Structures are given as C-alpha cells and as structure tokens.
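Asker: Sequence:
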Amino acid sequence: MAIPSAFIDELVARSDIVDVVSDYVNLAPKGGSYWGLCPFHGEKTASFHVLPDRQLYHCFGCGKGGGVVSFVMELENLPYLDALRLLAKRAGMEFPEGDLDESGRRRRARLLQLNKEAARYFHSQLYGPAGREGLEYLRGRGLSKGIMTRFGLGFAPESWDSLTKAMTDKGFAKGDLLDAGLAVSGKKGGVYDRFRNRVMFPIIDLRGDVIGFGGRVLGDGTPKYLNSPDTPVFNKSRNLFALNLAKTTKLGRIVLTEGYMDTISLYQAGFDCAVASLGTALTADHAKLLSRFTKEVVICYDADAAGVQAANRAIPMLEKTGLKVRVLRVNGAKDPDEFIRKYGPDAFARLLDQSENYVEYNLGQLQSKYDLTDPVQKTEFARAAAEMLAGLDSPVEREVYAGQLSELTGVGKNALLQEIQRSRNQRMRSAKRKQARRDMTPVTQVQPKARQMRYENPRSARAEEGILRLLILDGSLLRETEGLEPDQFSSPYLGKIYEVLRRRIRDGRALQLGMLEGELDRDEIELLADILRQPEALENGKSAMADYRAILDTEQMKRGADDEAALLAAREKYRQKKSI
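For what it's worth, our numbering labels the leading residue of the sequence shown as 1, then goes sequentially.
The hints are simulated quantities; they were obtained by calculation from the structure and are not laboratory data. From a predicted model like this one, the values you see are computed outputs, not experimental measurements. Fair warning: there could be bad hints in the mix.
When the alpha-carbon atoms are kept at most 25 Å apart in a straight line, the in silico BS3-like pairs for lysine-lysine are as follows [as the list claims (entries may be wrong)]:
#1 K224 <-> K145
#2 K295 <-> K320
#3 K174 <-> K187
#4 K30 <-> K44
#5 K145 <-> K247
#6 K413 <-> K369
#7 K250 <-> K295
#8 K558 <-> K496
#9 K324 <-> K30
#10 K413 <-> K378
#11 K369 <-> K334
#12 K334 <-> K224
#13 K342 <-> K145
Produce the entire structure from the sequences given, and follow the hints as far as they go.
Answerer: Structure below.
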C-alpha cells in the first residue's frame, strides 16, 4: 500500500521512541539514555537500551534493535502497515488507507467482525430456549448476570449448523467461518459448526477485539474444553484470557489461573487481576506478555498433580523475564473457584497474601520427595536444597534461605553456606570451561549480528558503516561522498542502506531510523541500529568521512588487484593445461 512518505515521516516524528517503549517496558534513565528489561527475551539484568537522541533501541542480550515502527512490529507481532496504524491511532492521526495489501487488511477486519457477530449470537442464545441448560450451569457456578454480560458469555446450541446459518444470513460466506475457526469442513464437503452444546467464552485481545472462543461442553462430550484453532487473527500462544481487563488492575500483581471459570470467579469476587492461558501450557511468549503489565505474578493453579507440574514448568519461564513469582497453595479446595465459593473473597485475599515466593515453593516441592525422619534422606535433601540455593544470585537471599534450611534439617547454617558456595564454585568452573571452549573456536571474520548477513571484507565494511553513521548524524556530509556509488561498497547490505540514505537526503527528507523501516527489511534495520549505537564524533565529520572513504577506496583497489591476479592465474593455468 502506497502510504505517503510525508505521513510516515510525520507519524514517526510524533512517536517518540521513549514514550512508545515506555508503554511496554519500565525504563530507567541512565547517562542520557534509558535502560530496561528486554521484552523480546527473558533476562534479570537490564540490557535493553533506548537512545532518545538517535531514536533507536538495542538489546545487548538478544541483539534486536531498530526504530519505533520495528519495535511495535516485533512486540505486537504486527505487519508493517498494521504497526503504522497502531502508531497513528496512538498519535491521533488519521491513517491514509490505500489499495495495495487492501485485501489482507479487509480479510482481517472481516474475520474480526465475524467473531464479534458470533459472540453476539452466542450471548443471545444463552438467554433463549436453546441455552437454558448453559444458563443453569453458569448460575450453578455462582455467576451473576452482570459478570456474564461483562465477559460476554454465551451458548452454542446443540445443532450442526445453527451458527453457520445465522452468520450466512448476515452476509458472511462459509469460507469466512472456516478461516475464523468457527466452522469445520466435513468429509463430504459440507460445513458444520465447530462449537455445539457448549458454554462459550469469547477471547478478547488487548485492543478489545474478539479474536477467538473457548467452549465448555455440557454433558459427557469430549473434549471438555474446546478452543478456536490458530487463525489469521488468533494465536493461542500469544494471548491470555482476560488480560484486556487485568492490564489495568491496581492490585499490583496478576494472578495466573488454569481456566476460564477460575478467572471469572476471581473477577466476580473483586480480584480484577486474573488471567488464564488458552487451552495450552504457559509459553515463553505468555511470560513476556505478562512482564509488560506487571512486576509480580502469583501462580494459582489447581492443587492436583497436574497443577503442581504446570506450576513447576511456569516458574522458570516467568522468572527469566524478571518477574517476581509467587505460588498460591489452594488448601481446602481443588481450585480457586471452589475455594471462593466455600470460604469467600476475604479468605482468598488472605491466602493470596500468604502465597510463597518461588524459592519457598521449590524447596517445599523438593522436601516432599524426602523423608526427613531418615538421617540419610535428610542429608540428601540438605545437599539437593543447597544446590538449588546455589542458583540464587543474591548473597542475602542465600543467607536467609540457608537459615531456614538449617532450622528445617538441623544442619548448621555455616555448613550449608559452605555447601552452597561449593556448588556455586562448581557452576562457575563449568561456565569458565564452556567459555574457554568458545574462546578457542577460531573466528576468521567479524560479522554483523543481523541474520543471514556476512561481511567478506571486515575492514572495508567498518569504514562503510562509519560513512552511513556520519550521513545519518549529519546529512550535509553527503557532499563529501561525491562519486561514491552503492556498488563500490564491499557489503551489498551496506550499499543498499547507503542508496536509501542518499536518496532521502537529496529529497530533503529526514533520516530518523523509524522513517527508514518501510524501505529496509528487518535484518537491515537491525544492522543499521547496531551501527548507529556506535559512538561517532561530528566535530571532525569531514576528516572522518575522508578517512572512511580512503579505507574503502584502498580495500576496493586491493579487491581489484586480487581479482586481476586471480584472473591472470586462471589464464596461466588454462594455458599450461592446453600445452600438455
């Protein structure tokens, strides 16, 4: 779609990268720039860097970098045009719709409209004759009409095609229902409803759009819970049920439950901070998503073996994102919903405040595997617990938990601290051996971090990077590149970027990184962001440009000489072969 270049430039100019990134990441100012935990990979120490003067971000951990548009594209999992639309909405600018890629935009909008209409249909059925059993089920679970309306709960009738007929009557094609995951193709070519005889839970994304559904069967049908498949508008691994509501909670934490009913029951009880995964185990993407909206997550899974196993899987994923993780033990009930109905909201609030941090939880899980009345098993437990505590970075935490472990096992605190340190030393030795092996691995060339890119001539490429950096910092230096053409660059990637910059300078357009993201691909933007974060002094810009050009010219002559020598050698080899 041909978006006017002036619109893109104005949009990026209005979208300060610090302001936009701050919507997703807690940034702290430091030395004229900003730092925070990277939203693209799990980390405990901030390596995500935002430079306001150059309007770019860069992560020293995972290597991702770019401008404001690529940040939104990456984090929201949006194509370029949709990222521009989101930024335009944020900036209060009207987006100039065009024709190119219009079909994809229309398709997405149509599927979202279909999901919205389907949600309305299911909700209306809940209060009709066909939904009587579903309404009784929800009332039996203690839900009020207000909470059912707030979550848009509904009912899918026990019919093969009631939804299909209702939606085709509204002008949607059967192909639309198949694409939205609301219908399934039969073996004989027919189309029938995916959801039948089920209480329906609409899944709503952070922008307020209905993107999918979960359905709980009534009776003995299987599966008990059925969820929408992944579609062009729905990815179950990147969305969480009720996060659109929990993101605004003032309670300072988000409670992670196993299912829709647990989440809804918590809301009805006054806890507007609950979310649930969508028929799948918690993923790393879920953990990153949660870290954008809270600093603390309380895992509130069922008390059965499956719930314990799920919590054990979730803890390390959440911890890697820098979240404070606690685990709530639902004593006296099988799940949070049952606990609240039996004991009330106040009792659950007390239980929530008493939730264990992940260290206490892990120690408790480890302890359950040993009989502490047996001296041998008690010793084994103490050693295993010490090894676990050795993974804590904070010496204060190691000291505190060593004291608790001493009281539990009767082993002296100093002896436990020595065991913990021994285990840490062993880990450090192992890490040093791995690093030494990496250091011994020969590196023949310095390469850019961006995927698929390779510098055949690192010395020339570094000079070419310097030319690009100077041009972005001071476009007037273009006059110092007179006669320099893109094909003279040793790296075609850098040559392409140079051509884009040269054209924009000649057209009198700005060179802010976010404004280039429609003309360069993702890898090229990451490469340019990495180049721009390198220091460059403009006081002697002309002489620096001359130095860079001299290196580029010298390396180009070397390549020419090498090519000529190679050509002469090949001709001589051919001549000798002919003379034999």
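Asker: Hint compliance check: list the failing hint numbers for this structure, sorted ascending.
Answerer: none
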